[in-house]
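Student: Could you use the hints to bring the two separately framed chains together as a complex?
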Amino acid sequence: MGIVVTLDVMLARRKMKSRELAEIVGITEQNISLLKSGKVKGIRFETLEKICETLDCQPGDILTFEV
Amino acid sequence: MEHIRRHSLFLRWVVALGAGLIVAFLALIILLPPLMEDVVAGQFGSVSENGVSGTKHLMLSGLALLAVLPTLRALQLCWRLFGLYAAGEVLTESAAATLKSLGRSAILMAVVSTLTPTLVVLILTYDNPPGARQLTIQIGGMAYALALFGGLIITVGWAMVEAARVDADNKAII
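Chain order of the listed sequences is L and G. For the first sequence, position 11 (counting from the first letter as 1) is numbered 11 according to the numbering used here, and the numbering increases by one without interruption. Here the numbering used here runs 1000 ahead of the position in the second sequence, where the first position is 1.
Bound-form chain G, shown alone (with noise of 0.2 Å):
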C-alpha cells in the first residue's frame, strides 16, 4: 500500500507540471501569432496564402481552447485518482468512477485529435482563391491507440467497480 501512496504521490505532481506546461504554451500560442503561425506551419506546410492573423488566429485560438479541453479535463482526472490513491482509496466506487470517466475522456481525446486537423486545415484555406481550398482527413495511429487506451481504461473501471464491491463485502466478513 505505501508504494502505491509514493507513487501516486510522484505520479500527482507530474500531471500537476504537464497541465500548467499545457496551459503555458497555449497561453504563448494565442498571446503571440508569430508563435502560432510557426507552430501551424510546422504541422501543415504552408497552405493558407494569407498567412495565420486576425480572425484565422481568433478562430485557431478558440479552437486549440476548445481542443485542450479533453486533455485537461483526463490531466484532472489523473489528479483526482492519484489523490484518493494516495489517501489510501484504491478498492472504491469513487476511484472506480473516476477511472472509468478517465477511459471516456481519452476516447474524447483520440476523436478531438481526429478532428482538429481538419478544422485547422479548413479555417487556415477558406479564404484561400478557389482551387486552392483544402479539406484533410487524417486518421492515425495515436488516435487509434488512445481511443483503444480509453476503452481499456472503461473496462478497467468495470472491474475496478466489481472489486470495490468484493472488497465491501469482505469487509463486513470478520
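Just chain L, same shape as in the assembly (with noise of 0.2 Å):
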C-alpha cells in the first residue's frame, strides 16, 4: 500500500470542506482533492505545514504507511 492519505478522515472530523481548506492552505481545491484521494508525488513541507496548522494536527494524522 505504502503511503495512505488520511486526510479526508481529519477534515471530517473538524467539520472542514476541502474548499475551505483550500482557501486557507492557499492552493486549488483540485489539488486538494488529488491529495485526498493518493494521487500526487509528493507534498512540499511548507503544504504540509499549513494544513497541520489549520487541521491543528501532526503529520502523521493525515499521512500513515501501511505494508
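Read the hints as simulated data drawn from the structure, not as lab findings. Using N, Cα and C, we set each Cβ at its ideal position, and we do this for glycine too. Just to be clear, a hint being listed does not mean it is correct.
[What the hints assert, rightly or not] The following label-pair restraints were derived from C-beta to C-beta distances:
1) G:L1017 / L:I3: 52 to 58 Å
2) G:L1119 / L:T28: 55 to 61 Å
3) G:V1166 / L:T28: 18 to 24 Å
4) G:D1169 / L:E29: 21 to 27 Å
5) G:A1087 / L:C52: 36 to 42 Å
6) L:Q30 / G:L1069: 43 to 49 Å
7) L:E29 / G:M1142: 19 to 25 Å
8) L:V67 / G:R1073: 51 to 57 Å
9) L:T28 / G:L1069: 43 to 49 Å
10) L:E29 / G:L1021: 47 to 53 Å
11) L:K17 / G:R1073: 44 to 50 Å
12) L:L34 / G:L1119: 58 to 64 Å
Tutor: Here it is in C-alpha cells:
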C-alpha cells in the first residue's frame, strides 16, 4: 500500500470542507482532491505545514504508512 | 512568461517573412534565367563557357530547390517552436523535440552549404572543353559555425527534455 493519505478523515473530524481548506492553505480545491485520493507524487513541507496548522494536527494524522 | 509569449509572436512573423522572401527569390531565379546567370556569375565568376541556359538552368533550378529545403524545414520548425512558446508550452516534450529537430536541420544546412558550391561548379563546367572543367571544394567558417550551432541546439534540446521531465515531476508535487 505504501503511504496512505487520510486527509478526508481529518477533514471530517474537524468538520471542514475541502474548499475551505484549499482557501486557507492557498492551493486549488483540485489539488486537495488529488491529495485526498493519493494521486500526487509528493507534498511540499510548506503545504503540509499549512494543512497541519489549519487542521490543528500532526503530519502523521494525515499521512500513514501501510504495508 | 508574458515576455516569452510576446517575443515568440514577434519572431514567428520574422520567420514567416524570411520564408516568404526565400520562396520568392527562389521562384524569381527559376523563372528568370538571366537573373540566375547574374547570381551565379556574382558568386562563382564566369566559369561556364556556354552560359547558363537550357539543361544547365534546369539542373541549377533543381539543385536550388533541393538546397533550400533544409532552410525551409528549419524555418518551419522555428515557426512551430515559437508557436508552442507563444501558447505557453515552454517546458514540454514537444517543444524539446522541435528544438532537437531544429538542431538536426542546422547540421543538414551546414552539409548542404558545403556541398552546393561543388555541385554548382560541376554543373556550370561539365560541358566546358577538356582542361576547362572545374571541381571545387569549399569549406567555410560559416558552415562550421552552423554545424556547431546545430550541435549546440541538439544539446539544449536534450537539456530541455530533462527540464520538461523535472517540470512534470514538480507539477505532481503539491
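Student: Next step is simple, just say for each hint if it's right about the structure.
Tutor: Here is how each hint holds up against the structure:
no.: 1; hint: G:L1017 / L:I3: 52 to 58 Å; result: 55 Å, holds
no.: 2; hint: G:L1119 / L:T28: 55 to 61 Å; result: 60 Å, holds
no.: 3; hint: G:V1166 / L:T28: 18 to 24 Å; result: 21 Å, holds
no.: 4; hint: G:D1169 / L:E29: 21 to 27 Å; result: 22 Å, holds
no.: 5; hint: G:A1087 / L:C52: 36 to 42 Å; result: 38 Å, holds
no.: 6; hint: L:Q30 / G:L1069: 43 to 49 Å; result: 46 Å, holds
no.: 7; hint: L:E29 / G:M1142: 19 to 25 Å; result: 56 Å, violated
no.: 8; hint: L:V67 / G:R1073: 51 to 57 Å; result: 55 Å, holds
no.: 9; hint: L:T28 / G:L1069: 43 to 49 Å; result: 47 Å, holds
no.: 10; hint: L:E29 / G:L1021: 47 to 53 Å; result: 51 Å, holds
no.: 11; hint: L:K17 / G:R1073: 44 to 50 Å; result: 54 Å, violated
no.: 12; hint: L:L34 / G:L1119: 58 to 64 Å; result: 59 Å, holds
When the structure is compared with the earlier hints, violations turn up for hints 7 and 11 and for no others.
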